[in-house]
Structure formats: structure tokens, C-alpha cells
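Trainee: In case you want the letters, here they are:
Protein chains: 4
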Amino acid sequence: MEIRVGLVGAGWMGKAHTNAFNNALMTFGPEAGKPVFEVVSDVSEAAAKNASEQLGFSRWTTDWKEVVQDERVDIVDIATPNAFHYEVAKAALENGKHVYCEKPLTLSAEQSLELAELAKQKGVVNYVGYNNVMNPANAYIKDLVQSGKLGEIIGFFGTYAQDSLLDPSLPITWRHINKFSGSGALGDLGSHLLSVSQFILGNIESVNALSKTVIKQRPVSPGSTELADVENDDLIVILANYENGATGTISSSRIAAGRKNYLTYEIQGTEGMVHYSLERMNEVNVYFTSDNSADRGFRTVFLGPDHKGYSAFYPAAGIAIGYNDMKVIEAHELLSAVTNNTSYTCDFEFGAQIDQTVDAILESVAKQNWVQVKNKGGVTV
Amino acid sequence: MEIRVGLVGAGWMGKAHTNAFNNALMTFGPEAGKPVFEVVSDVSEAAAKNASEQLGFSRWTTDWKEVVQDERVDIVDIATPNAFHYEVAKAALENGKHVYCEKPLTLSAEQSLELAELAKQKGVVNYVGYNNVMNPANAYIKDLVQSGKLGEIIGFFGTYAQDSLLDPSLPITWRHINKFSGSGALGDLGSHLLSVSQFILGNIESVNALSKTVIKQRPVSPGSTELADVENDDLIVILANYENGATGTISSSRIAAGRKNYLTYEIQGTEGMVHYSLERMNEVNVYFTSDNSADRGFRTVFLGPDHKGYSAFYPAAGIAIGYNDMKVIEAHELLSAVTNNTSYTCDFEFGAQIDQTVDAILESVAKQNWVQVKNKGGVTV
Amino acid sequence: MEIRVGLVGAGWMGKAHTNAFNNALMTFGPEAGKPVFEVVSDVSEAAAKNASEQLGFSRWTTDWKEVVQDERVDIVDIATPNAFHYEVAKAALENGKHVYCEKPLTLSAEQSLELAELAKQKGVVNYVGYNNVMNPANAYIKDLVQSGKLGEIIGFFGTYAQDSLLDPSLPITWRHINKFSGSGALGDLGSHLLSVSQFILGNIESVNALSKTVIKQRPVSPGSTELADVENDDLIVILANYENGATGTISSSRIAAGRKNYLTYEIQGTEGMVHYSLERMNEVNVYFTSDNSADRGFRTVFLGPDHKGYSAFYPAAGIAIGYNDMKVIEAHELLSAVTNNTSYTCDFEFGAQIDQTVDAILESVAKQNWVQVKNKGGVTV
Amino acid sequence: MEIRVGLVGAGWMGKAHTNAFNNALMTFGPEAGKPVFEVVSDVSEAAAKNASEQLGFSRWTTDWKEVVQDERVDIVDIATPNAFHYEVAKAALENGKHVYCEKPLTLSAEQSLELAELAKQKGVVNYVGYNNVMNPANAYIKDLVQSGKLGEIIGFFGTYAQDSLLDPSLPITWRHINKFSGSGALGDLGSHLLSVSQFILGNIESVNALSKTVIKQRPVSPGSTELADVENDDLIVILANYENGATGTISSSRIAAGRKNYLTYEIQGTEGMVHYSLERMNEVNVYFTSDNSADRGFRTVFLGPDHKGYSAFYPAAGIAIGYNDMKVIEAHELLSAVTNNTSYTCDFEFGAQIDQTVDAILESVAKQNWVQVKNKGGVTV
Ligand SMILES: NC(=O)C1=CN([C@@H]2O[C@H](COP(=O)(O)OP(=O)(O)OC[C@H]3O[C@@H](n4cnc5c(N)ncnc54)[C@H](O)[C@@H]3O)[C@@H](O)[C@H]2O)C=CC1
Ligand SMILES: NC(=O)C1=CN([C@@H]2O[C@H](COP(=O)(O)OP(=O)(O)OC[C@H]3O[C@@H](n4cnc5c(N)ncnc54)[C@H](O)[C@@H]3O)[C@@H](O)[C@H]2O)C=CC1
Ligand SMILES: NC(=O)C1=CN([C@@H]2O[C@H](COP(=O)(O)OP(=O)(O)OC[C@H]3O[C@@H](n4cnc5c(N)ncnc54)[C@H](O)[C@@H]3O)[C@@H](O)[C@H]2O)C=CC1
Ligand SMILES: NC(=O)C1=CN([C@@H]2O[C@H](COP(=O)(O)OP(=O)(O)OC[C@H]3O[C@@H](n4cnc5c(N)ncnc54)[C@H](O)[C@@H]3O)[C@@H](O)[C@H]2O)C=CC1
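Chains as they are written, first to last, in UniProt numbering: chain A, 1 to 381; chain B, 1 to 381; chain C, 1 to 381; chain D, 1 to 381.
Please keep in mind that the hints were generated in silico from the structure rather than gathered at the bench. Built from N, CA and C at the ideal position, the CB exists for glycine as well. Hints are supplied without guarantee of correctness; some may be wrong.
[As the list claims (entries may be wrong)] Some chain D residues flagged as far from chain A (calculated, every beta-carbon gap over 12 Å):
no.	residue
1	Tyr140
2	Gly304
3	Asn341
[Stated by the list, open to error] Capping the alpha-carbon separation at 20 Å, the derived lysine to any residue pairs in SDA-like fashion look like this:
no.	chain 1	residue 1	chain 2	residue 2
4	A	Lys49	C	Lys149
5	D	Lys49	D	Pro81
6	C	Lys149	B	Tyr242
7	D	Lys122	D	Thr342
8	A	Lys308	D	Ser293
9	C	Lys376	C	Gly202
10	B	Lys367	A	Asn369
11	D	Lys49	B	Gly245
12	D	Lys308	A	Asp291
13	C	Lys216	D	Gly151
14	A	Lys216	B	Gly245
15	B	Lys367	A	Lys49
16	C	Lys179	C	Glu117
17	A	Lys122	A	Asn369
18	B	Lys142	B	Gly29
19	B	Lys49	D	Phe28
20	A	Lys15	A	Phe84
21	A	Lys149	D	Thr300
22	A	Lys34	A	Asn369
23	A	Lys15	C	Gly202
24	D	Lys34	B	Asn50
Work out the full structure: start from the sequences and follow the hints.
Mentor: Listed below in C-alpha cells is the structure:
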């Protein structure tokens, strides 16, 4: 079966998605459907045209509305900056399209819940690109937790830190302006960590957070002496209580010197512990109190065919998968849902869950106090 | 010059201190004075007697009061459980003795401030055994911070975790009862991390904390089915704001599976980052944004003669120092203060500072809200 | 420009190559030509048919001769077991095709030199799949060496170890029979390490080697009690002198418990050192004696846009590339050579160089003595 | 019981030994005897005098002969440069003293075998300071090997590398002149690795080695332009066959940039693997093929009370021991042998075994070929 893709936003992620669709076919085989690259849109004509050629789309346009209305499109793939997700996704859903939307789903829990509800009504596939959930490492860790091998879960301690915006001479972008981004490091990076934490441990109940804007102004353009205000968090730290009784901290930074892609966390249980860092993507460290005491220590487990999602790539353990491969597994799961009606984790309800946690965190920062996460699921507010 | 030591409490630390005095002499030479082991006391006669023989004290007693009053004693060395520090230290100070007291200084900031004030009046050396401050790694890191090589300091993220009390069949001890211990993981382990953080960054301004007692009851004795309540934190997590503008998290656990001596922290600056773990005691990881970009990465620096305190042990870098060596440096600094009136970091005021932070954290747990640390220095409350 | 590919051998590597051609286009853009999947052959009809569907070849056949003679084929891509490389490559060259051949090039230096000479005569692109050479990490390390930043090169110490054949119940395969494989761990894994070492340091002058077959017999089929002899090295260790004056060891094993994809090496220079392990593919460790001594240590450098080959994948450092991405860079370099006549490293002469080292190592094992590597280049023996 | 020590050579090791005797008493208790520091000698009057004061010896002298003849001396402790070991040890043995001699035992296997034989005749304790053998990590690894947990042993791959002599401006010393040192990196560092390898795996059968002097001349004194020849190996690499059937490589360097105390090795077995580095002294990495496959990986085991020698230092795992602590365990084992006639590993026969391996390696370098290790035990040549 052919699945016709209409892409909105032909930047980094637009390219990554298209790549991933292609590789999903070659990696997992054609049972999940064969992606066909129907139409690509971007506000930048050059970007749209170029994507059309390089990525192999049949047509291009600068008007995303054409994409969501196009009869020849099955999936609308949204890879624009955050602020446009809501409008495009809503229109796509209203036209009965399946929707594949980059994270975060929207700029607020309210919008996200609305989209989740709408998607449910329409009965279409609704997928948010929280690709870390598709990382075989995180799937393996979820198995460890759910199997009870780590005992009762006590704590989750995680951070997602990068130094991408540490240089104060980097100019202001949409990421620094709340009406375009919703928040700073929290929504951009922290949301990935939240997605992993909630995928594994379930909902967060309450949060208490503290945020900081270290670089308070940035040039309006490279080299300019005119400065504009940075509106959101460079750095955020959060205490969290989970519904399952676990507790811990979550933090995120876009100005952490030396951290490149440092999504890292540990999960403590009464009978074991696991820790992981995306910077060493192919290694999971796990400790079992049941090992005999003289020989007990964290085991460095390399990802391999025993871990869900890996074997489609390589026949043996320890052969490195990369970031893009998470997107390949994601694209395959999405195609599979469209073609074979299989279930998937990162639906809009999941996306709305993350956005509700984000909202509670922002509220906590403002109130300087504990805030309950609303955790409404799938119903219009 | 001979410095006559009177030891109170001949357990693990009592032995470690005596060992350290001896090694201080042999490692650093006699300029700081020659320790003489005058008298040891322990409530357990066997312990006192045994220590006298094995550690080489001239006399032993089961009554600590004899020690604090003994004219032949210069330094009273207090290595009893926490609850006795205050009483013994106070009596020793009143008798005009120099005092070397294990951490935490007392069970409350109030007591500690009182002792600090008294010590100041008496003009004697007053030293708290926060030995991590003497670790050449932490001294090096302080240098990195103070030199400005890391830029402006943004954040401190640290934890001190062990799994020593993870096994629920371990019986109740004084560590679980607040009137003996003051608090749980916080005072026992967390205070070490606080000492390092405050040594390097200065005072903490405000805290917001969350604690958990996971193993709520323990056998009254090994194998017993009779259970007693655990009164304090197995696990604690804290948001912190520093007076210097930095922010971050601090946590501590005595039930973290797989963690043995995991005192670890990172300090983020606008021009660099440093991270460290006591489990890899001889390595400091530091990153400088000024390194040229293709070759930039965390440097794994082995401790060596360039780092304060190391060269007395070994002539070349990378030869492992151990935990006890922190105590050796500590004992030497203390002897030096007594003999040559040199300055030192961990005086009672410093100890009271830590205890004030601890008190604020406990108050925050109770109030479930932000609490200001009092940060009174050297004055009776 | 379209480049029409004819694939011979549709196993793991056949799939990986086709994937790589596709991704090369999407990753690097169309300037290097657009691969078209013309025809695939495999002795197994099922494999050929399946590849045709899943990988998107227009036709399939069970007769590789059809592929090498097909006028619609520009590149013959050889991904069969080693023993067939020579025959297929020779026929392809004779038909004037560009040839992309998996490593090792053939079963002997003699055959490889013959092919190298023939390719030169025909003036076609002749490419051997030593993909580790395309790893941005190894390219970066070559830069470090050639820039002189590490000083004069003293030594190279490397190993490539896996435990894929440690289990003695795994049955005999072509890999254990010399007429099909040429050698054991040496030709299969060791040759990759040799390719990296020679890419960076140039030719090896002399070798002295020792090999071992630990599992001397294996079942003829899974579960069978009938056993067949393993003819070649499970484990090999080699002393080596390089033409540039460096010295060191090389080893390889297919029975090293716990090693998954442990291609690791260090290069020692008079002013620095670099070490690397493919199991942590995205990290290079480099040490410069010129760093100031208190802050000196191995730097853990994450691959990023500063390192050749990386930026086509990701816009920022530390986002993991994977094994397949080496093949993508390889496929792009190959396409580029066909389309734009650009130069490339892993030509058949390079392949013959590796095979000459392998031959000398095998001779050394037999003679139990030092053997000079012939290092003839590009001329028929 | 008092054990009276006469020290010859009051440099780094002289101090370390005396320290170790003291700590042995305090750490392990008095059952093994109480060391008394009787007399110290050094050719340098200042060194002897200073040691006497700082280390607490009753007397000092510049004539070592006084020490070996002194009736009040029980143990002659030899910590001079290598070239003097033979003469002093021989005289001490002839005077019926127990002898504690630093490694390597002498400058040749012949001398060492003679001393071993003499010691046996005299029935005294004869101890060589191969302290790595006393490292709890290596003892634990020996247990792993001997218990059969790693299966049949296949290979040993080790190196001992430092960069202490990488700087070419460092002047010539006795270490560079064979009549004083016997060899270069091999005897100084490599012998430590050999001691560990032979302690764990037993004798080496045959060797094939290659050595290099990279810095061929050095200033006769700091800053001088007059140069003297370096006579021995900066770097040595060795193929080795063990009597137990294992095979592997051994190497050593004193000019390996970035390596500080890099004594590292791995032992491969058919059912597991262990690897270790002295730079991370408190961690052993072990892999068992019997772990279930999804959760299998190298375990990072921190030293703790389960490992022989550790519990005298600390009550819990993961509290770092240091280099000096190996000497403490060594001194205790030695005292114990003197006082209680207990057995010990590093006797002169063991020392002679190492020296025979060293001799065979040097012969192999000269002959450029395989050489059998003589492995004579305890008999005059
Ligand atoms: N899952 C992940 O790991 C990642 C997710 N993202 C998410 O992907 C989204 C896109 O990010 P990037 O690709 O990095 O940004 P980008 O800036 O590289 O690309 C965005 C593209 O969208 C186009 N665009 C903007 N408004 C548009 C509109 N109204 N209609 C059509 N095109 C429009 C822009 O011209 C640009 O080409 C964001 O929501 C971001 O949070 C980004 C990076 C990683
Ligand atoms: N700086 C560090 O890293 C460490 C510090 N400590 C601190 O050292 C102190 C002692 O801890 P440990 O040595 O581990 O305990 P321990 O239980 O091994 O020894 C305490 C000793 O004090 C004796 N004692 C109790 N009450 C006494 C009294 N009134 N007078 C005289 N002796 C008395 C006990 O009989 C026992 O022998 C505590 O305050 C603890 O927090 C402990 C371990 C590590
Ligand atoms: N560069 C690298 O990292 C790697 C290279 N290789 C190399 O790739 C080659 C293939 O290895 P794999 O793909 O792992 O083997 P494979 O066994 O997965 O695939 C080989 C395929 O060739 C087919 N075949 C055999 N003889 C043939 C013939 N005469 N004509 C057409 N097809 C034939 C087989 O039926 C099979 O489908 C080998 O030379 C190997 O050394 C393999 C793995 C990794
Ligand atoms: N086990 C280990 O890890 C180590 C062992 N060593 C070994 O210890 C020995 C000594 O090395 P270091 O202490 O580093 O050297 P060092 O140079 O620090 O001390 C040697 C001392 O011996 C004195 N000396 C020289 N000839 C003498 C003589 N005939 N009589 C009395 N004193 C004499 C020198 O004046 C000097 O004070 C060497 O054999 C060395 O291989 C050294 C370092 C580490």
C-alpha cells in the first residue's frame, strides 16, 4: 500500500522525516506501507524547491493550506517551528488527514488537548515526534522497570542539557520568544526528557520549579549591536512527584558548557538501578541487587537484537545506531499505524500529557511553589 | 613540638583520625608538630582498650569527661555519633582545649553557632572533619572556579548517594532516630556535599526540598520480627539558590542501588564546566569553551603534583590517593593550625553554616515551600 | 545524472549498500548523482526477489553474470562472501563497469594486485568497502596525526575484537574455511583495523604474528553432533613496524567475551596521544602535551560539524551517527567519483595493500618469525 | 612482638615502606608484630638524617653495611636503586636477616636465582616489593580466574605506560644506563605488569619482543647542552605464550603521552572477560557469558569488603584505597611472615621468575626472534 506524504516545513526535521520514511521502508520492509513523497511546502520558496529535488517530492508549494487540503495526501507531516503546529494540525485533522507532528505538540496544554480530542473524533492516526521514546535503549529500560527487575521504583533523576545557546553572540531567534516557542530549554529539550520519563514511569503528579535566564539579551541579528530580550528559560530545574510514588528531579539547559546532547537520567528502584545518557546512545547501565555481592556492579549493556527496535538495523549487538535511527523506528511505527492499524505510544494525548506537565512547571516557576499537574486526558478543557 | 591528642570515640573515625595524625607526620614532616596519642575514651571498654593497644594511646578510659579535663591533652578529638558532639565539644572548649570534631558539628544550627561563638571566645583551634574539602580534587575545582576560568558560575548540580541502607533487613540504628542523628541521608551524606558546594561557591540563599522515607520500618535487631519506625529521610532532593547567583539541585540518598560512594557534582559556568565523582576520586573532568572547537571536549585530569595537597603523597600524577588521604591532609592542616597558627577552612563557623543550610532544608520539607537559609556567622543566636 | 547500480549478493551488506546509496542522495544532495537500482542478483532466488521488492530494484536474477554484462548497469556492487569477490570484480572490470566491492578485496594479495592493475587499465572507479576509513572519527584522527599536533608518531596499538563466534555450539560456516575466507578473525575483522591504521599511518613494513584457534571444531549444522574442523584464527596478535618509524601491536579476535564491536586503537606521538573505540563511535579522546600542566588530560571530543563527513547528518555536535552512516559517506564518495571524477581513498590499490599486509601476517604465523610486507603498488605480481 | 627494621635507601620508596609498616600496624592490628624503626642508611647524609627525624628511626648512617650487620635489626629493607639490590640483599642474607627488597629483585635472572637459593638456605623471609600483587583488585581477578568463572583462559593483553620520561629535556639518570637499571621501561614498569600476569596466570613460556629508544640522547644535567646516550628501551612490545596455553601481548612505555599510571590489562576466557586499569584503581570490569543475554554487559565492580585485603581499610565498598595501601598490605603480609611464619606470594623465587622473563625478553629483542623463558625455580644456575 502506498502512503502519500505531504510535508509542511522543509528544514532540519523535514529532511529527517523524509529520510526516515525512506529508511523505514528499506529497514523494516514493505508490510507497513510504502511512503510516497507527494508534496512539500515551506514558507521559503528555496527551501520548498530544494527539498522537492533533493528529497524526491513530486510537487512543492509555499502555501501549507494546499497540503492539508490535497486529496492526494494521506499523512500531513508537520515540521515547522512550534508556533505553527496547532493551526496546521487542526486544519489537517479537519480535512481528515493522518497527522505526524513534531514535538512539542503545541504551545499550550489547552491547544494540545483540543487537537487530541479532535483526532479521536476523526479516527485518524495522530502522532507526535517524541522520537526518544522509540530509542531501543529507552524501550529496554521501560521493560526493566515494568518487569519488576528493579523492584519498586523510588526515583527518577534526569537532565537534558546542551550548550547550543551558550555563546551570547548568537542572535535572538523564535526559540527565545514565548509566543513562538512557548518556553525555552523546557519546551525544546526538557519536553524530550519528560516524554521519556512519562513513557517509562507514567504521569507526574506535582512539580516545583526554578528557572533562569542567564543571557538576558541577544543581538537582533548576527553581529548587530541592537539587542532584544530573551523571554524564556536558559536553564530550568524541577522537583517532581510521580503518580506511581516515585520522586526526583528534572532539569534542562541550553547553556551547559560541554554538553552536546546530554539527555541523561537514572531510575532508582528498591532492587536495582538503571542509568543512561544519549551521548553514549548505545549503552545502558543497569545494576541488580540480586547479583552476588563480590561480582556486583553496573553492567554496561550494549544495545543489540535483544532490545526492541534494534534488530531491523543490525544482526549483532554493539553496532552503533544513531539519532536518525530513532526517527526511522518512529516513521515505521507511524506507517504501520496507518496501514495496519497497529497501536503506538506517542499519540496526541501523550503529547498533551507532556504539555500539561510543561504548563504546570511554568506555573510553578511563576508561583514559586508546588503545582499539581492537571493530567486530563483526551477531553476538551 | 608535641601535640597531645585525646580521642573520644574509638570507632571507624576514631581509628581513621589516629591513623591520619600519624601519616600527617610521616607524609608532611614534623614542622606542623608531632602528634602524641595521650588518651582514648569510648563508652565501650573493649573499644577503648583495643584502640589503646592498636593505635598506640598511652591511656584509655570509658569516661569522656576525663579526656576533656586532662591537662596532658592539647586537642580533644571527637569521633562519637553525632548526638554527643555538642556536649563533648562544649566541655572541651570550656576547658580551653583545641577541638577536632567529626561532621556534622551538632544536631542543630543553634548548637553549632553556640559552639562557634564559644570557640572564638576561647581562641582555640576549632576544626570540623568535613574532609572532602581537603580532597585535592575539590581544591583544584575551587581554583578553577575562583580563577574565572569557567566564567561566571551558573549552576551547581550534585548528589551524594550510597546504597548502604537499601537492604530493608538491616536493623534500626541511631542513624534512623532524629534525636541521635538530626536527620537521615541529609545530615549524614548530604552535609558532605553541602560542605563541598559551600567551600567552592559560598553560601546557599534559599532552598526548596522534598524528602522520602522508603523503608518505613526496620527490625529492632538483626533478624528480629519486631519493627521500629525510621524517622528520617532515606532520600532527599533540593532546589537551591546560591548567594553568588548560581542555582541548581542537591540530593542525597542512602538507598540508591549500585551507588557506593557517589558524591558527584557538576559546576556550570559561562566559559566552562567541571564535573567530578568521588567514586573516581583521582579524576576531575573539565571543559573550557576557549579550546579550539574541533578539539574541544571534557578533559580527564588526573590529580598530580600541580594540585594542592597531592605532592606530599607522590612525586608524579595519576598515582591514586585514597579516602584516608583526605583525612591525612585534614590532620596536617589541623596540626599546622595548632602549632603554627595557620588558617584553615573547616572551622566551627563553617560547620555551623552547613548546619544552617541543613536546618533550612528540613524546614522546607516540613513547609513544602521555599525557605531562606539564615546564614548567621559566628554569633550566638 | 543517474547512476545505475547492479548488486551482486543481497545479504546484510547488499541491503546496507542500497540503503547507503539512497541515504547518500538524501543526505548529501543530488550533485554526486542519483542512484538507480537497476538489477540485483543472489544465488538464493528468495533473497534476490525479496531484495528487489524491499530495496526497490527494477529486476532480479540468480545469475551474477547477467549483472556484470548488463548494459544498463554503471556500477557493479559486490556484496557476496569473500571468495566470490575476485571472479565477479574481474568480470565486471572486463566489462568496463565501475566496481564497488566489499572488503577484503579478494583472498590474496596476488589477486588483489591483479584487480588493481586491471582497474587502472580500464580507467574505472574501483572502490573497496573499508567503511571505517569514512568514519568522521578516523578522518579527524588522521588530521590530528598529519597536522603534527601529536608530534612525531611513535606507536600504534590496536585491536578489533568481537565475541560473535565465542559460542562453540555455533556451526561451521564459510568464515571458518580458508578457501572461502582466506583467514579467520584477521581477514574479517583485523583487515578493518589494518585499513584504519594504514589510512592514518601508511604502510606497515614488517610483522611478527601469533595466531590461535581456540574452538578447533564446530558442528556441521546447528545442533548436529557431527563436527568439522575450523581452519583459521579465532585470535591473532601481531607486532608491527611501520614505514614511518612507528611501532606497535595489532590484534583481532572473534571470541573475545564481552566485546561487541571493539575496534579500538591508540596512536602515541611525542606531543600527544589519541585513542578511540568504535563501541563509543561518537567520541575521540585526545591529549596534548602543550596544554598547561594542571589542566591537562585526555579530552573527550564528540564528533560534530568540525569533523569531515559529519555535517551532512546533523547541524550540531554530539548527535550520534551510527554504523550505517559510514556506509552513507562511503556511497557518496563513490557516487562522487563516478559522477564528478573526485578522488577517493579506498581504491583497489589500497585494498591490495591491506591484503599484502594480511599475507605477510599469515606467512609470519607459519614461519614464526618476522616477515617483510611486500607493499607492491598497482602492478601485476 | 617487635620487629626491628633497618632501612637502606631513604628515597621515595624508603619513605613509603616506613609509612606502610606503620599503617600495617594501625590498619591490621598488632598480631603480625609491631615494627620498630631501628636504623636508616643512605649514601646521602641529608637523606639519612632527615629520614631518621621524619620517619622516626632511632639511628642513621651513610654506610649500608652497618645496617646489614646490626644485631638489633631483624628485617633489612632495601629501597635503593636497582643496581644495589643484589649486593645489599646478599650481605643481609648472609647475616641471617629477613630481607624486604624493592623490585626488580636484581639486574639479572642469574643474580636473582642466586639470592633465592641463598634465602632458602638461610630460612629467612625473603620478600620482593611487587606491590601490585597485593592490590585487592588483582587478588579478586586471580580469584575470578582460578574459580573457573571465566572459563578456560585464552589471552592476556596488558600494558604499563607512563609519560614520565616523555619530555626530552629531562636529563639522563641511572634509569637510562643499563649497568644501573638492567633495562628501561621493561624492568621499571613492565616488571610490575609481569608480576601481575604471572601471579594470576603463572609462568610465561616464550616471548617475542621489539623495543625502541625514541629519545636517543639526554642532557647530562638539567639545561645542559652536553648529551649522553640513553641505553635502553623507552617503549617495548612483546608477544607472549603462557605455560597454561594462554597467549597475548605485553607492552610498556615511559613516553606514552597522557598515560600517568596506566597499568592496564584484560584477561579473556571462554566464559568471561575481566579488564582493569590502575588509573581507576578501585574498579574491576568483569563480564560473564552466563548472564542472560538482554542484560549482559561488563560489570563495573567497586572494590569492597568482599575483596581480599580491602576490609582492613574500610567497612563498605567504593571508598577509595590508594597506591600506598598496596604497600600497607604488603608490609602487613611481610610482618606476618616474620612473626607468624605465614606464607606469601612475592618471595625471591617469584622475583627471579620475573627476572627470567625479563632476560628472555631482552634476548628476544637482540635476536629478533622467539625465545623460551628458562623458568628455573629456586636453584643456582
Ligand atoms: N524530535 C527532535 O529531536 C527535534 C524536533 N524538532 C522540532 O521540529 C520542528 C522544526 O524544527 P527544525 O527542523 O529544527 O527547524 P528549522 O528551522 O530547521 O525548519 C523549519 C522550517 O519550517 C519552515 N516554516 C516556518 N513556518 C512555516 C509555515 N508556516 N509553513 C511551512 N513552512 C514553514 C521554515 O522556513 C523552515 O524551513 C520544531 O517544532 C522543533 O521543536 C527540532 C529538532 C529536533
Ligand atoms: N568524615 C567522614 O567521612 C565520616 C564521618 N563520620 C562521622 O564520625 C562520627 C562517628 O562515626 P563512626 O566512626 O562511623 O561511628 P562508629 O559507630 O564506628 O564509632 C563511634 C564510637 O563512639 C563510641 N561512643 C559512643 N558514644 C560515646 C561517648 N559518649 N563517649 C565516648 N565514646 C562514645 C562508640 O562506642 C563507638 O565506638 C559520626 O559523627 C559520623 O557522622 C563517620 C564516617 C565517615
Ligand atoms: N564493511 C563491513 O563492515 C562489512 C563487510 N562485510 C563483507 O561483506 C561481504 C558479504 O557479507 P554479508 O553481507 O555479511 O554476508 P551475507 O551472508 O549476509 O550475504 C551474502 C549474500 O551473497 C549471496 N551470494 C553468495 N554467493 C553468491 C554469488 N556467487 N552470487 C550472488 N550472490 C551470492 C548469498 O546468498 C547471501 O545472500 C563479505 O565479503 C564480508 O566480508 C560484511 C559485514 C560487514
Ligand atoms: N614498587 C613500586 O611501585 C616502586 C618501586 N621502586 C623501586 O624502589 C627502588 C628505589 O626507588 P626510589 O625510591 O624511587 O628511588 P629514589 O631515588 O627516590 O631513592 C633511592 C635512595 O637510595 C639512596 N641510595 C643510593 N645508593 C645507595 C646505597 N648504596 N646505600 C644506601 N642508599 C643508597 C639514594 O641516595 C636515594 O635516597 C628502585 O629499585 C625502584 O625500582 C620505585 C618506585 C615505585
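Trainee: For every hint, state whether the structure bears it out.
Mentor: Right, here's what the structure says about each hint:
no. : hint                  : result
1   : Tyr140                : violated (7 Å)
2   : Gly304                : violated (8 Å)
3   : Asn341                : holds (29 Å)
4   : A/Lys49 <-> C/Lys149  : violated (43 Å)
5   : D/Lys49 <-> D/Pro81   : holds (19 Å)
6   : C/Lys149 <-> B/Tyr242 : violated (41 Å)
7   : D/Lys122 <-> D/Thr342 : holds (17 Å)
8   : A/Lys308 <-> D/Ser293 : holds (13 Å)
9   : C/Lys376 <-> C/Gly202 : holds (13 Å)
10  : B/Lys367 <-> A/Asn369 : holds (11 Å)
11  : D/Lys49 <-> B/Gly245  : violated (53 Å)
12  : D/Lys308 <-> A/Asp291 : holds (19 Å)
13  : C/Lys216 <-> D/Gly151 : holds (16 Å)
14  : A/Lys216 <-> B/Gly245 : holds (14 Å)
15  : B/Lys367 <-> A/Lys49  : violated (59 Å)
16  : C/Lys179 <-> C/Glu117 : violated (23 Å)
17  : A/Lys122 <-> A/Asn369 : violated (39 Å)
18  : B/Lys142 <-> B/Gly29  : violated (26 Å)
19  : B/Lys49 <-> D/Phe28   : holds (16 Å)
20  : A/Lys15 <-> A/Phe84   : holds (18 Å)
21  : A/Lys149 <-> D/Thr300 : holds (19 Å)
22  : A/Lys34 <-> A/Asn369  : violated (50 Å)
23  : A/Lys15 <-> C/Gly202  : violated (38 Å)
24  : D/Lys34 <-> B/Asn50   : holds (15 Å)
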